[in-house]
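All chains, please: the whole structure from these sequences, using the hints.
Residue numbers (the UniProt record's numbering): 1 to 91.
One or more of the hints may lead you astray.
For each label pair, taking beta carbons as the anchor points, the in silico distance ranges come out as [what the hints assert, rightly or not]:
| # | residue 1 | residue 2 | range |
| --- | --- | --- | --- |
| 1 | Leu10 | His87 | 32 to 40 Å |
| 2 | Pro88 | Glu29 | 38 to 46 Å |
| 3 | Pro88 | Val15 | 15 to 23 Å |
| 4 | Asp14 | Leu43 | 24 to 32 Å |
| 5 | Ala62 | Gln33 | 15 to 23 Å |
| 6 | Glu36 | Lys91 | 24 to 32 Å |
Hints are computed from structural coordinates only; laboratory data are not their basis.
Every residue gets a Cβ at the ideal spot worked out from N, C-alpha and C, and that includes glycine.
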Amino acid sequence: MEFLVRTENLLPPDVPDETREQLRSGERERARQLREAGMLKRLWRVPGRNATVGLYEAEDPAALHEALASLPMWKWMDVSVEVLATHPQEK
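Listed below in structure tokens is the structure:
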């Protein structure tokens, strides 16, 4: 299944810079792992916001949830997910 995942990072501004950098580094590493596993297909930055749009592929919604929850910034993310279905013109 394919999913369009929109995330916005809501990390509080008072988080120390060192902690913020550790979380960012962890996010990059986990995204690399998800990409290598074939789950994260594409990732776009949303200009002007601390947000991303990603194209994910997972066996089912539970597998996607598990992957997203493994991101270091998960507890500070606002996440919306849309399940994608193939359009008849694409067949």
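Against the structure, the hints:
1. Roughly 33 Å separates the CB atoms of Leu10 and His87, a value that falls within the hinted 32 to 40 Å.
2. Between Pro88 and Glu29 the beta carbon distance is about 39 Å. The supplied range of 38 to 46 Å therefore holds.
3. Remark: the range hint 15 to 23 Å for Pro88 to Val15 is contradicted by a beta-carbon distance near 47 Å.
4. Checked against the hint of 24 to 32 Å, the pair Asp14 and Leu43 passes, with Cβ atoms roughly 27 Å apart.
5. For Ala62 paired with Gln33, a C-beta distance near 19 Å keeps the hint of 15 to 23 Å intact.
6. Evaluation of the 24 to 32 Å hint for Glu36 and Lys91 yields a pass: the beta carbon distance comes to about 29 Å.
The structure does not agree with numbered hint 3 stated previously, though it agrees with all others.
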